Amino acid sequence: MRNKKFALKFVAISAVSLALLTFNWDRVEMENRAFVVVMGIEAGEGDKTSFSVYLSVVDAPALENGGEDAPKLLYQAEGASLSHALSQAGGGMSDRLYYGHTKAIVIHKDALENPRMVREIADTLSQKGEINIRTIVMATDKPVSEILQTKPKGGNLLGTYLSNYFGGDGANVASLAIKADLEGFDASLRRDGTAVLPKITLEGGGDGKEINIGGIFALKNFAYIDSIPEELLAGQIWVKENAGGMELVLDDHTALQIIRSRPKITFAMGGDNLICHVKIQATGNLVGLHSLRNNSELNADFTKKIESQITTTHGLFQYMGVDGLMLTETLHKKYPNIPLQPIEKITIIPEIHLEIKAHGS
Amino acid sequence: MTNNFALNDKISLRQVQILLILGIFGFGVTSLPRRVAEFAGQDGWLGVLLATLTALVLVWIITNVTKMHTGITFYDFACKTLTRPVGVVVCLFLIARLVLLAAFNLRIFAEITQSILLPTTPFWIVFAAMLVLAGFGASKGMEARARLAEILILIALVPLIIVFVISSRDIDFTNLLPIFNAPLENVGRAGYAALFAFNGLDMLLLISPFLARPKKLTKSAGGAVLTMGGLMVAITAVTIARFGAGNIARHTWPVLRMMDTAAMPGAIIDRQGALIMTFWIISAYAIINAALFFSSLLLKNIVGKGNHSRYIIICLPIIAIIAALPDNLTQVYNYFSRYNNIFGVGAMVILPIILLIIGKIRGVKNA
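These protein sequences, in sequence, are chains S and L. Under the working numbering, the first residue of the first sequence is numbered 7, with each subsequent residue one higher. Under the working numbering, the first residue of the second sequence is numbered 299, with each subsequent residue one higher.
Chain S extracted, bound-state conformation (with noise of 0.2 Å):
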C-alpha cells in the first residue's frame, strides 16, 4: 500500500516536472533563421585596421523553393573587431543568423596585408562553435562583395559551387588547386605564422561576370607576401595530392593524362643542406594528337616536364620562404631526430617513375 502511494506521487512528479519542461527555450522556426552560405571579410573602408563583413545570406522560405533560384541577400558590417562586424551584421535582422551552414569564407587581400587582421580571423572563426571548421578559406583582390553577388557556372549558389569545386580529395587538378580549410588556415598560422590560400576572382565585366579559381595567395610572419599563379602550381599537386586527371602536354602538342600518381618523400643529410627526394608513381595515357615519337622518348620528356614543374613551384616557395609543399611538417613527423631546417635550406629531388599505359583509344 505503502510502496502504491510512492509510486503515485513518483509518476505525479514526473508528469507535473515533464510537461513543464516541454517549454521550449531555444525553438527557433525555420522561415526565422536565415542561414550565412558565404562570408566575405575586408579591411573596413575608412579605418583599414577595422573589419567589414559581408554575408551572404540565403533565407528558409527561398530554400524551400529549391535551392537554386533561392534569393541571396548580403548583408554588410562594419567593426573594429571581426566578432563585433559579425553581430552587427545580424543585429538588425529578424531572423537569426545561422553559421551552421557556411560553406566557404572569401578574405580580401587588404585584411590579409595586417598581421593583427589575419591572427584575429583564424582566431575568431575557428573558435566560432557554430561555424564548421572545414570551411573553405579563400582569398581575393577584387571586391568581396562582388565576388558574393556572382553568380557561379551551373546556377549554384556560390558557396554549394565551392564546395563541388574541391571535390572530396580537397584539390581540384584542373585548376592545380589545393582546398584551404579554417581549420588548417588555423593550424598552419599557429605552426610557423605562414599559410597558403586558393585565390578566387573574377573574370570579365558587367552581366558576364564569372567567377574564376586558381593561383595562390601566400602569408608570411601572418601576413600576405606573394602570390603564385596558376600555371606554376602544379608542383604542389604532385607532392602532396594524388594528380589523376591531370594534363600535360609538350611543345609538340603531345598531351598526356594522369590516371594516377602517389607520392613518397624521404629526407636524407648532404652537406649543410637537407635533400628531399619526392619519390612519384604514377601512370598515364596519352590523349588528343597522335605522337611519332617512341614511348621511352615521350616518357623522358613527360618526365622532364614533372620534374621541372615540381622544382619550379619549390623554388618560388622558397623564394618567399613559405613551407607551401609541408615539406618541414612531413620532416618532423617522419625524421624526429633531423633538427628542422628552413625552407630554404631544402634542396628538393625528384624521382618519377611515370608508366605510359595508352597511345590514345
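Quick caveat, the hints were computed from the structure, so don't treat them as lab data. These numbers were taken from a predicted model, which means no experiment stands behind them. It is possible that some hints are incorrect.
Stated by the list, open to error - No farther apart than 30 Å at their CA atoms in a straight line, the calculated lysine-lysine pairs in the DSS-like style are these:
hint: 1; chain 1: L; residue 1: K308; chain 2: S; residue 2: K15
hint: 2; chain 1: S; residue 1: K11; chain 2: L; residue 2: K365
hint: 3; chain 1: S; residue 1: K54; chain 2: S; residue 2: K10
hint: 4; chain 1: L; residue 1: K365; chain 2: L; residue 2: K517
hint: 5; chain 1: L; residue 1: K603; chain 2: S; residue 2: K10
hint: 6; chain 1: L; residue 1: K603; chain 2: S; residue 2: K11
hint: 7; chain 1: S; residue 1: K246; chain 2: S; residue 2: K270
hint: 8; chain 1: S; residue 1: K159; chain 2: S; residue 2: K226
hint: 9; chain 1: L; residue 1: K365; chain 2: S; residue 2: K10
hint: 10; chain 1: L; residue 1: K438; chain 2: S; residue 2: K11
hint: 11; chain 1: S; residue 1: K134; chain 2: S; residue 2: K148
hint: 12; chain 1: S; residue 1: K10; chain 2: L; residue 2: K598
hint: 13; chain 1: L; residue 1: K514; chain 2: L; residue 2: K598
hint: 14; chain 1: L; residue 1: K365; chain 2: L; residue 2: K658
hint: 15; chain 1: L; residue 1: K438; chain 2: L; residue 2: K598
hint: 16; chain 1: L; residue 1: K514; chain 2: S; residue 2: K15
hint: 17; chain 1: L; residue 1: K598; chain 2: S; residue 2: K11
hint: 18; chain 1: S; residue 1: K15; chain 2: L; residue 2: K658
hint: 19; chain 1: L; residue 1: K514; chain 2: L; residue 2: K308
hint: 20; chain 1: S; residue 1: K11; chain 2: S; residue 2: K54
hint: 21; chain 1: L; residue 1: K438; chain 2: S; residue 2: K15
hint: 22; chain 1: S; residue 1: K363; chain 2: S; residue 2: K339
hint: 23; chain 1: L; residue 1: K438; chain 2: S; residue 2: K10
hint: 24; chain 1: L; residue 1: K658; chain 2: L; residue 2: K438
Unchecked claim - Computed footprint of chain L on chain S; a stretch qualifies when at least three of its residues, placed anywhere within it, have a C-beta under 8 Å from a C-beta of chain L:
hint: 25; segment: 189 to 203
hint: 26; segment: 281 to 292
Note that the Cβ used here is the ideal one computed from N, Cα and C, for glycine as well.
Once you've looked at the hints, dock chain L against the given chain S.
Coordinates of chain L only, in the frame set by chain S:
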C-alpha cells in the same frame, strides 16, 4: 498466458556486459584524446592502450572480490570483511563516489547539450529532465535497467559507429608520426589520465546479488572492457590523426568536433552534431541511472529500512546541486581531475585490492 521473462531481479552476463559498455563509454571519451595528447602527444593512443590493460587487471581484481560475496550485498560483505564501522565508512565512500560521478556526468552532459543542441535552455531544465528519467529508471530495479540497456545499446551504438567510420575516412594518419616518440614516463601519465575513462568499473563490486551466473563474471566483464578499450584506442588514434597532437588542445570535446564536422557522403545531413547526441544522451542516462541505483541501494543497506526508491529521491537534489556548483567548464574538469585522483583511484584500485587481500586472508565466503 506465459511469461518469458523471470521477474527475479537477476541479470544475465550479456546484460552485465551491455550495462558495463553503456556505463563506461561515456563522457570521459569525448575529451580523452585531448587529455592523453597533453602528456604523450601523438603517442597518446598508447596511453589509452596502457589504460585498457590496467583496466583488465582491475576487472580481474574487482570481479574476484564480487565472486567472494555472491548472494549477499556488498554492504554485508564489507562489514563481514572489514568490521561493521569500517564497512559503513567504505559504503559511505562509495555513495559519495557515485553521487559525485553522477553530478559530474550530469554537468558535462548539460554543457555538451548547451553547446550542440540547446544553447539558451537553462541548465536546471536539462538537469531536471535527465534526473527525472534516470531516477525513474533506477527505481524500477536492476532487471528493468538491464532490459532497457539491451534496447538502448542498439539505438546508441549504431549511429555512433557509422559516424565514427565516416569520420575516419579523410584523415591524415601521418599525424600519428613519429610513433613511439614520447618518453615512457609521459605515456604512463597519459595512461593514468585515460584510466578514468573507465570510471564506473567499481560498480561491478555492487552487482553480485543480481547475477544469475557469477562464476563467469570475470570473462564477460573483461570482454566488455576489452571491446570498449579497443574502441577507445581507435577513437583516440583517429581523433589525434584528425586534428594533430598540437592542435587537439584547442578543442574541448575533440571527439564530438570530429564527428560533427565529418563529411557525410551524399550530404543528406551537413552537420551531424544532433545525430551523435543520441549516443551521449543515452550514455549520460546510463551512467546517472547506474550511479543513482547503486547509491540508493547502499543507502538502503546502511539505514536498513524502506525501499531503495525513496533513497533515489534523496540523491536527486544532491546530484543537481553538486552539478550546478562549478562556475564554468574549466572548473568542472579541474574538480573532476581531483575527484578522480581521490575517489576514482580509491574506488577502482585501492578498495578492491584491500578487499581482495583481506577477504582472502580472513577466508570470507559466500552467504
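Here's how the hints hold up against the structure:
For the hint pairing K308(L) with K15(S), the CA-to-CA distance comes to about 27 Å; that is within 30 Å, so the pair holds. Proximity of K11(S) to K365(L) is assessed by CA-CA distance (about 37 Å); at most 30 Å being required, the pair is judged violated. Restraint check for K54(S) and K10(S): not satisfied, since their Cα atoms lie roughly 73 Å apart, outside the 30 Å limit. A threshold of 30 Å between alpha carbons decides the hint, and for K365(L) with K517(L) the separation of about 12 Å falls inside it, so the pair holds.
Restraint check: the Cα-Cα separation between K603(L) and K10(S) comes to about 17 Å, which is no more than 30 Å; the hinted pair holds. For the suggested pair K603(L) and K11(S), the alpha carbons sit about 17 Å apart, so the restraint of at most 30 Å is met. For the given pair, K246(S) sits about 9 Å from K270(S) by alpha-carbon distance, which is consistent with the 30 Å threshold. Between K159(S) and K226(S), the direct Cα distance comes to roughly 33 Å. Violation of the 30 Å bound is thereby established for this hinted pair.
Straight-line distance between C-alpha atoms of K365(L) and K10(S) comes to about 35 Å, which puts the hinted pair past the 30 Å bound. At most 30 Å may separate the alpha-carbon atoms for a hinted pair to count; K438(L) and K11(S) meet this at roughly 15 Å. A C-alpha spacing of about 26 Å is found between K134(S) and K148(S), which places the hinted pair at or below 30 Å, so the restraint holds. The hinted pair formed by K10(S) and K598(L) meets the criterion: a straight-line CA distance of about 19 Å does not exceed 30 Å.
Simply put, K514(L) and K598(L) have alpha-carbon atoms about 28 Å apart, close enough for the 30 Å limit, and the pair holds. For the proposed pair K365(L) and K658(L), the alpha carbon gap of about 12 Å is at most 30 Å, so the pair holds. Between the alpha carbons of K438(L) and K598(L) the distance comes to roughly 15 Å, so the proposed pair stays at or under 30 Å and holds. Taking the CA atoms of K514(L) and K15(S), the gap is about 40 Å. The hint is violated against a cut of 30 Å.
In summary, the hint linking K598(L) to K11(S) is supported, as the alpha carbons are separated by about 19 Å, within the 30 Å threshold. About 46 Å separates the Cα atoms of K15(S) and K658(L), which puts this hinted pair outside 30 Å; it is violated. A distance of roughly 15 Å separates the Cα atoms of K514(L) and K308(L); the hinted pair therefore holds under the 30 Å criterion. A C-alpha spacing of about 72 Å is found between K11(S) and K54(S), which places the hinted pair above 30 Å, so the restraint is violated.
Under the criterion of a C-alpha separation no larger than 30 Å, the hint pairing K438(L) with K15(S) is consistent with the structure, at around 15 Å. In summary, the hint linking K363(S) to K339(S) is not supported, as the alpha carbons are separated by about 34 Å, beyond the 30 Å threshold. Annotation: proposed proximity of K438(L) to K10(S) holds, straight-line Cα distance about 13 Å (limit 30 Å). For the given pair, K658(L) sits about 35 Å from K438(L) by alpha-carbon distance, which is inconsistent with the 30 Å threshold.
Remark: the segment 189 to 203 of chain S is confirmed as covered by chain L, as 5 of its residues place a Cβ nearer than 8 Å to a Cβ of that chain, reaching the required three. With 0 residues carrying a beta carbon less than 8 Å from a beta carbon of chain L, the segment 281 to 292 of chain S misses the three-residue requirement, and the given coverage is violated.
In terms of the numbered hints stated before, the structure departs from hints 2, 3, 8, 9, 16, 18, 20, 22, 24 and 26, listed from lowest to highest.
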